[in-house]
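Taking the working numbering as reference, the numbering of the sequence shown is continuous, increasing by one, and the terminal residue is 429.
If a hint is listed, it holds; no wrong ones were tucked in.
Here are the simulated DSS-like cross-link-like pairs (lysine-lysine), alpha carbons at most 25 angstroms apart as the crow flies:
(1) LYS313 / LYS402
(2) LYS96 / LYS39
(3) LYS388 / LYS96
(4) LYS286 / LYS297
Simulated restraints on C-beta separations:
(5) LEU244 / LYS333: 19 to 27 angstroms
(6) GLY345 / LEU236: 51 to 59 angstroms
(7) VAL239 / GLU327: 14 to 22 angstroms
Derived from the structure by calculation, the hints contain no laboratory data. Please read these numbers as outputs of a predicted model, since none were measured by experiment. Even for Gly, the Cβ is constructed at its ideal location relative to N, Cα and C.
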Amino acid sequence: MKKYFSVVFIILFFFVIYTEKGVSQTNSYTVELARSFSKDIFESNGLPFLQPVVKVVNSTSNAGFFYDARIPRMVIKPYFKFTIQMMYGITPESEKTYSPTMPAEEFNTTTAMSYVDIVNMNIDTAGLIHYLFLNLMYDGIFGSNKGLIDVPESAPTALGNQKTSFELRHSALDTLIKSHPLYPLLQQYNLESTIDSAISNFPNAFDLPPGGNINQIVAGIPQLIVGSYYGTELLLRWVPTMNLGSDIGKFNFWGLGLRHSISQYFDSPLEIAIQSTYQGTKLTNKIGVTNAELVAKANILNMNLHASYNWEKYFTIYSGISFDNIEINSTYKYSLPIVMQWQLGLIDQYAKDDNGNYLSLDEFGTPNNSEPTEGYPGDLYPQTAEVKMNENQMRFTFGISKEFYNFIIGLDYNLGKVPVFGATIGYYF
1 MKKYFSVVFI
11 ILFFFVIYTE
21 KGVSQTNSYT
31 VELARSFSKD
41 IFESNGLPFL
51 QPVVKVVNST
61 SNAGFFYDAR
71 IPRMVIKPYF
81 KFTIQMMYGI
91 TPESEKTYSP
101 TMPAEEFNTT
111 TAMSYVDIVN
121 MNIDTAGLIH
131 YLFLNLMYDG
141 IFGSNKGLID
151 VPESAPTALG
161 NQKTSFELRH
171 SALDTLIKSH
181 PLYPLLQQYN
191 LESTIDSAIS
201 NFPNAFDLPP
211 GGNINQIVAG
221 IPQLIVGSYY
231 GTELLLRWVP
241 TMNLGSDIGK
251 FNFWGLGLRH
261 SISQYFDSPL
271 EIAIQSTYQG
281 TKLTNKIGVT
291 NAELVAKANI
301 LNMNLHASYN
311 WEKYFTIYSG
321 ISFDNIEINS
331 TYKYSLPIVM
341 QWQLGLIDQY
351 AKDDNGNYLS
361 LDEFGTPNNS
371 EPTEGYPGDL
381 YPQTAEVKMN
391 ENQMRFTFGI
401 SKEFYNFIIG
411 LDYNLGKVPV
421 FGATIGYYF
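Build the full structure now, drawing on both the sequences and the hints.
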């Protein structure tokens, strides 16, 4: 207990000095608190928010590697098969929502003391206010005032649609502030007004990132197969940067693989082959009114075993089992939510265009303008978060194909975490 009061006294000593120097900074502390809390929100929820869209896009593009298992052991001259692999991926409902997490931290005197530099007689006031705010969240969710802060059960992923916010009622925050272990001492030194003002001016709702309401992904990938050398084929894929629409963004893609015949080594009514491919993708998009920038790079390893049976005069049926490993590195550059910028006075809620229409409101009365105006600069300090993902999945493929003259057609279905329908149209020579 003695140590506790010693630490608290040191914190308050420096807080007195810097509060007297910067009472007018209260609004800047509120903005800085909003910015720090925004970063906390993204670090806690960024992975489940972004992972589904990257997973669905890459799972969809990671199909269509084979349409039969026949590979000649040796040919007099190389053959070439040029195909367009078309994929239609269906977004599972489970990928449209996630359970959000509210940033929170239990009060600890040692942690609080880390915001004080005794040697240089300095205190990180904004950092301390941010830490105390996280204490309030902990108390309102898990502590003695459990229930004052309500965390939504679900929120939309980048594929979802519903609008979700963290509600931060000022009456609840006021109760939580006055219940904080430091509050009686802040009152004793007449310091509570700085904390009260910074937190009570905090917006009463914090919007979580919205989704794009994406129900399906459609892709078309050119593919070239070159064979055969001792029953082995080379596969090449490449897609230049293309815009898949505002919901998905810009996408480019490359891939290569090798496929080898197993059935050449023994008599079998089935053709059997193994294949390994490696692909790289890049997805970029701008999301929402504030044009938050997503850059997601993925490396995808696929290994599959497949078999086919050919009715010479009719068609070929084929099936395969695949293992996919997807490794994704994403960066997300974002500003404060537009509603929060509006509530903090960073954008002018009363600004009008030349026709007298409000710039900052859409037809629902929601702020939708992030353009700065005189005296209202907006969020000048966008933040960048990095999200890394690694995921494995199994995939089962069933299909039917036909080669006639020099043309190739095929249809298949891929059963996995993301259901994908595929079609093959091509020409060989």
